[in-house]
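One-letter residues, chain by chain:
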Amino acid sequence: MSSKVIQAMYNDDDILMDAVKEVRAAHHHIEEVYTPFPVHGLDKAMGLKGTRIAITAFMYGCVGFSFAIWMMNYMMIDQWPQDIGGKPSFSFFQNMPAFVPIMFELSVFFAAHLMVITFYMRSRLWPFKKAENPDPRTTDDMFVMEVAVDGNEKELISFLENTGTVEIKVTEK
Amino acid sequence: MSSHYEAPIRRPLIIGDKSYHDITVEVAAPVEGKANKLWWTAFTIALLAFLWGIGSIIYTIGTGIGVWGLNKTVGWAWDITNFVWWVGIGHAGTLISAVLLLFRQKWRMGINRSAEAMTIFSVVQAGLFPVIHMGRVWNAHFVLPIPNQFGTLWTNFNSPLLWDVFAISTYLSVSLVFWWTGLLPDFAMLRDRAVRPFQKKIYSLLSFGWTGRAKDWQRFEEVSLVLAGLATPLVLSVHTIVSFDFATSVIPGWHTTIFPPYFVAGAVFSGFAMVNTLLIIMRKVSNLEAYITKQHIELMNIVIMITGSIVGCAYITELFIAWYSGVEYEQYAFLNRATGPYWWAYLLMMSCNVFSPQFMWSKKLRQSITFSFIISIVVNIGMWFERFVIIVTSLHRDYLPSSWTMFSPTFVDIGIYVGTIGFFFVLFLLYARTFPVIAQAEVKSILKSSGENYKLHRDAGGKNPAPGKKVIKAVKATSEPVEEVLGEKNVLLGSLGVFDKATQTADDLKLISGVGPKLEGVLNNIGIYSFDQVSKMTEKEYDLLDSLLDSFQGRAKRDDWAGQAKNLKNNG
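Residue numbers (the numbering used here), protein chains in the order written: chain A, 1 to 173; chain F, 1 to 572.
Keep in mind that the hints were calculated from the coordinates and are not lab data.
Just to be clear, a hint being listed does not mean it is correct.
[Claimed, not checked] Calculated lysine-lysine pairs in the DSS-like style (CA-CA distance at most 27 Å, straight line):
1. K201(F) / K44(A)
2. K173(A) / K201(F)
3. K215(F) / K106(F)
4. K169(A) / K469(F)
5. K4(A) / K49(A)
6. K130(A) / K200(F)
7. K169(A) / K215(F)
8. K34(F) / K169(A)
9. K510(F) / K154(A)
10. K363(F) / K173(A)
11. K540(F) / K129(A)
12. K4(A) / K106(F)
13. K469(F) / K21(A)
14. K130(A) / K215(F)
15. K463(F) / K294(F)
16. K129(A) / K363(F)
17. K469(F) / K536(F)
18. K169(A) / K363(F)
19. K154(A) / K201(F)
20. K34(F) / K215(F)
21. K215(F) / K21(A)
22. K569(F) / K44(A)
23. K540(F) / K173(A)
24. K569(F) / K540(F)
25. K463(F) / K34(F)
26. K34(F) / K569(F)
27. K510(F) / K173(A)
28. K294(F) / K215(F)
29. K4(A) / K463(F)
30. K201(F) / K130(A)
31. K21(A) / K130(A)
32. K463(F) / K510(F)
33. K129(A) / K106(F)
34. K44(A) / K106(F)
[Said to hold, decoys possible] Here are the in silico distance ranges between beta carbons for each label pair:
35. S173(F) / E132(A): 27 to 35 Å
36. K169(A) / T41(F): 19 to 27 Å
37. S173(F) / F58(A): 17 to 25 Å
38. C62(A) / S351(F): 29 to 37 Å
39. F92(A) / G55(F): 46 to 54 Å
40. N162(A) / S362(F): 50 to 58 Å
Given the structure is predicted, the values throughout are model-derived calculations rather than measurements.
Here a beta-carbon is modelled for each residue, glycine too, at the ideal position from N, C-alpha and C.
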């Protein structure tokens with residue numbers, strides 16, 4: 001498959017949205033869209049699947065919750081049960097109310113941090129990572145749609161010009 | 001477009017005729033510009049206060065807690081008052097960014113970045129106090145359940161003080177990642193605008209290579225939403241647990257079930273007051289009045305009014321319950337607060353926290369910037385005294401009248417407190433000069449629904465400020481204007497100097513922010529190839545350029561091409 005792409009630049013999010021819909025309707029393949037801010041509904045218009053990152057957060061939260069229970073049971077009940085202030089530590093369930101705050105805190109801690117780490121890994125974001133946006137203006141006020149070329153360069157360019165693009169560039173990827 | 005509709009009754013959140021590019025330029029301006037005298041003065045004062053604080057801390061650690069004003073009756077005083085005060089201030093940031101996100105309040109976008117920064121900086125100050133209060137700071141890690149040489153010696157998970165350790169460290173770290181994730185697209189904006197290589201390097205590092213792909217934005221929004229969902233109960237839990245430090249004890253005046261909601265309301269109250277204090281100054285100094293509008297300040301004033309009234313209800317409920325309980329100790333504790341030797345602190349607390357926010361019922365007063373600023377300071381003072389009253393007046397009259405005493409702070413107590421204020425402002429002032437202080441990506445996403453000019457277009461039939469779709473003309477322009485254009489070209493080149501391809505090498509004009517490959521081509525066509533030529537541009541040349549390039553009206557001037565080119569020329 002050819003790795004040639006056309007980068008069509010737009011200067012407005014509504015024009016971009018219409019363009020994305022037109023390009024999709026004409027059965028051209030949109031490789032990527034770069035935008036300076038979240039354009040609502042763009043993912044649906046592009047046909048992107050929903051993200052499952054919220055589900056991972058729930059699972060990480062469950063891990064944190066279980067870890068908190070295991071940790072406090074081991075330290076307070078199992079390994080060295082003490083009688084603190086007339087409140088002996090003989091059974092997990094009788095002592096449990098005092099453990100609720102930390103169970104909650106650790107659930108949140110695990111869910112939040114592991115979800116953010118998952119997000120950074122999946123979206124390839126980390127220190128010293130090189131930015132890959134095709135034009136520096138895409139973090140300012142320009143929107144770039146990358147459309148794959150499949151031997152139909154001329155036709156595609158004239159098609160895209162009619163969608164309201166302000167700049168068109170053909171590059172190898 | 002109808003999808004951007006917002007009811008006309010909602011006041012605009014972005015004032016003036018802004019484009020996406022204007023937002024970029026105006027948010028980046030304080031970072032790219034030079035610090036003025038006022039900033040340096042404020043920074044110097046804050047730094048001196050911070051250094052004084054460091055000195056006091058070193059003196060405390062070197063000599064012992066005895067250098068503080070504590071005595072055997074009053075074992076908690078300024079240190080814990082300051083701790084609770086700073087934690088309370090640290091509540092507004094997450095409330096603004098998390099709770100208001102869940103409620104889809106668009107006005108949070110102008111202020112959330114700075115409010116979160118304030119949160120993080122003030123929680124850092126708060127954390128200092130319990131650590132210093134330990135005395136032997138080098139054993140601070142004993143609060144964590146880490147394996148140690150004693151084998152089975154673990155922390156006591158029944159203790160609210162340990163819950164506090166977990167609550168505050170979770171809060172600090174989660175607020176930090178929440179803040180940083182939101183910062184990535186804005187750091188990327190600064191990175192892509194940066195002209196000097198050092199700045200470019202730093203902002204590339206900080207932005208983690210943010211690119212702005214559609215999928216990244218989809219995940220970004222989901223992550224923000226889930227973090228908001230997690231941070232909302234978290235922020236409520238933090239001050240709840242701080243209140244447990246008192247409520248689970250058996251000291252009259254502390255042993256109160258109303259403490260958790262009352263503390264949380266008080267924390268939000270003081271936090272919003274501090275946000276108002278900081279942002280009223282920042283919007284002026286950093287020229288951000290279009291983004292942090294009067295509307296924002298008014299809404300924060302309403303939150304201050306409501307939470308202040310909740311706090312007032314809690315004060316009165318406490319008094320009523322003390323009387324109604326029939327417990328003499330409890331009754332004495334409250335009578336002593338109001339009429340005992342610390343009556344002045346109680347009066348200050350009541351008038352600052354309950355009385356002063358009631359002025360905000362008046363629309364005129366809550367829209368006044370000066371008045372809001374004064375009230376925000378008053379509230380900060382009042383909330384400090386609230387904690388002082390709760391802590392010191394409950395302790396100084398204990399069960400044995402022979403040990404009744406008073407508390408007076410030493411210069412070390414005061415030094416550490418002033419030092420943390422200094423430290424806080426050192427961090428905040430540095431932040432204001434190096435970070436994008438407004439979540440510009442998010443603000444851009446509400447421009448079409450809440451921008452003043454867009455609203456005007458929808459509601460009153462003004463001109464739509466959005467760039468329209470360019471219609472491709474079938475007939476090419478006639479050749480007549482070309483002559484005229486050629487004439488302008490020559491005038492332009494006459495003042496900028498002609499570029500000789502044979503002897504000079506062309507610069508990469510794309511490095512100038514605002515110039516892309518197409519524009520570079522256009523400039524080359526005119527005969528502009530080098531930074532040297534661009535750097536000579538003045539008002540006259542900009543106007544000429546505008547008449548040559550009709551699709552880039554005013555852009556060269558707004559982006560200060562000449563200034564950028566000068567920098568590039570000198571660095572290249």
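In ascending order, which of the hints set out earlier in this document are inconsistent with the structure?
The structure conflicts with hints 1, 8, 10, 11, 12, 16, 17, 18, 19, 20, 22, 23, 25, 28, 29, 31, 32, 33, 36, 38, although it agrees with all the remaining ones.
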